[in-house]
Amino acid sequence: MRCMVAGEAGNLVAQMRRGVLPYCVLEVMGDTERYGFELVHALGEVDGMVTGEGTIYPLLARLRRQGLVETSWRESDAGPPRKYYRLAEPGREALAEFAQSWHRLRDSVDDLLNGTGHGS
Amino acid sequence: MSSTDPEQMIAEYLRELDIAAAALPADRRTELIDEITAHIAEARAQAGSQADAADRIAAALARLGSPADIVMAAEQDVTDVLPQYVPVSYSDQGSLTAQEIVAIVLLLIGGFLFGIGWIAGAVLLWLSPKWRVSDKLLGTLIWPGGLAATLIVIVGAGFIAVTGKSTSTVGCTSRVIINCTGVAHSAPFFMIIISILVILIGLAAPILVAIRLVRRARSGPANPTGLASV
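If you read the sequences in order, they're chains A and B.
Under the working numbering, the first residue of the first sequence is numbered 91, with each subsequent residue one higher.
Under the working numbering, the first residue of the second sequence is numbered -15, with each subsequent residue one higher.
Hints listed in this document are in silico derivations from the structure and should not be mistaken for laboratory results.
Hints are not guaranteed to be accurate.
[Said to hold, decoys possible] Stretch-level coverage of chain B by chain A, calculated; a stretch enters the list once three of its residues show a Cβ under 8 Å from a Cβ in chain A:
#	region
1	9 to 17
2	40 to 53
[Stated by the list, open to error] Computed beta-carbon distance windows for the label pairs:
#	chain 1	residue 1	chain 2	residue 2	range
3	B	VAL117	A	PRO180	38 to 44 Å
4	B	LEU111	A	THR122	49 to 55 Å
5	A	THR122	B	ALA29	18 to 24 Å
6	B	ILE191	A	ARG182	49 to 55 Å
7	B	LEU125	A	GLN190	55 to 61 Å
8	A	PRO180	B	SER33	42 to 48 Å
9	B	VAL86	A	GLU123	46 to 52 Å
10	A	ASP197	B	GLU(-9)	49 to 55 Å
[What the hints assert, rightly or not] Derived, one-sided and incomplete: chain B residues facing chain A with beta-carbon distance under 10 Å:
#	residue
11	ALA22
12	GLN30
13	ALA58
Just so you know, these numbers come straight off a predicted model, no measurement behind them.
Even for Gly, the Cβ is constructed at its ideal location relative to N, Cα and C.
Construct all of the structure, not just a fragment, from the sequences and the given hints.
Below, the structure written as structure tokens:
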């Protein structure tokens, strides 16, 4: 087991963020369909969620390839055509599953941290 | 960004993106460029013709992040996941398809079809991607003709043993051992043991080889340098 050093926590957080990001994207999509720009914007607003908004597009593409998300291009009178994203059924299920696991994990970690006061 | 003119900033950004995205497979590249272009077009539409349009667009491009980072994110997806990057020879991790089953069956009993069946089995064996070369050699060398060869050898040897010359059966011409005059056996006891062993080995070997080939086909990639499939 490697020795942990101060500052590694930052790297760990980055990794954790990378892990949960797909599910955050699914969550932000919600029950309606959103077009790329507004989706990306909403996510970018969440503190520390992404380094660059542009990196969300490859993630969206992967979610589509995995069948979790459906997309369609629509003409818009506001300007250029827009690509709309909506949750597909498998995406809904994946999100529900994640929410459960996340709550469980979050609660156990919180209990641990609160129990010992300020960690060691 | 060397320019403060929105159109130029955008053109420069998209040019950088185009160059960086050359590393991606064609369909991903097109998709990504389309999406980023649409994103930027949206940002531009929202900035409109306001006084600080240039600033807004510059801010939008900054929030997008560098084209290199975006392409890197797309590339990670490429190496993480994609079926098209798994060599065609094992779209499933390891399994018996019809080709393998037919090959094994033909190797075992194809010899009964005038030997041609076995040859067909051997061809299928070598053509299959599911086996390493060592497996294929095993299947070929043990042995040509499969069970048919075994049977031929057994029958032939039995025929020779019964009708061939033997010091204890001089004058015995009958194929039935106990009818040979004055002699109950035409072969010493240990010869019988050896014959039985030979028969057992002769039957067992092709069957054991067949079982091994089945196991190997099911146990996974034959090519240790291939990528793992998802």
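Hints, verified against the model:
1. 9 to 17: holds (count 3)
2. 40 to 53: Our answer is that it holds, as 6 residues pass the Cβ test (under 8 Å) against chain A, meeting three.
3. VAL117(B) with PRO180(A): 38 to 44 Å: 41 Å, holds
4. LEU111(B) with THR122(A): 49 to 55 Å: 53 Å, holds
5. THR122(A) with ALA29(B): 18 to 24 Å: 21 Å, holds
6. ILE191(B) with ARG182(A): 49 to 55 Å: About 52 Å separates the Cβ atoms of ILE191(B) and ARG182(A), which means 49 to 55 Å holds.
7. LEU125(B) with GLN190(A): 55 to 61 Å: With Cβ atoms ~56 Å apart, the hint holds.
8. PRO180(A) with SER33(B): 42 to 48 Å: 43 Å, holds
9. VAL86(B) with GLU123(A): 46 to 52 Å: With Cβ atoms ~50 Å apart, the hint holds.
10. ASP197(A) with GLU(-9)(B): 49 to 55 Å: 52 Å, holds
11. ALA22: 6 Å, holds
12. GLN30: Hint on GLN30(B): holds, closest Cβ of chain A at ~8 Å, below 10 Å.
13. ALA58: 4 Å, holds
This entry satisfies every hint, going by the numbered hints stated previously.
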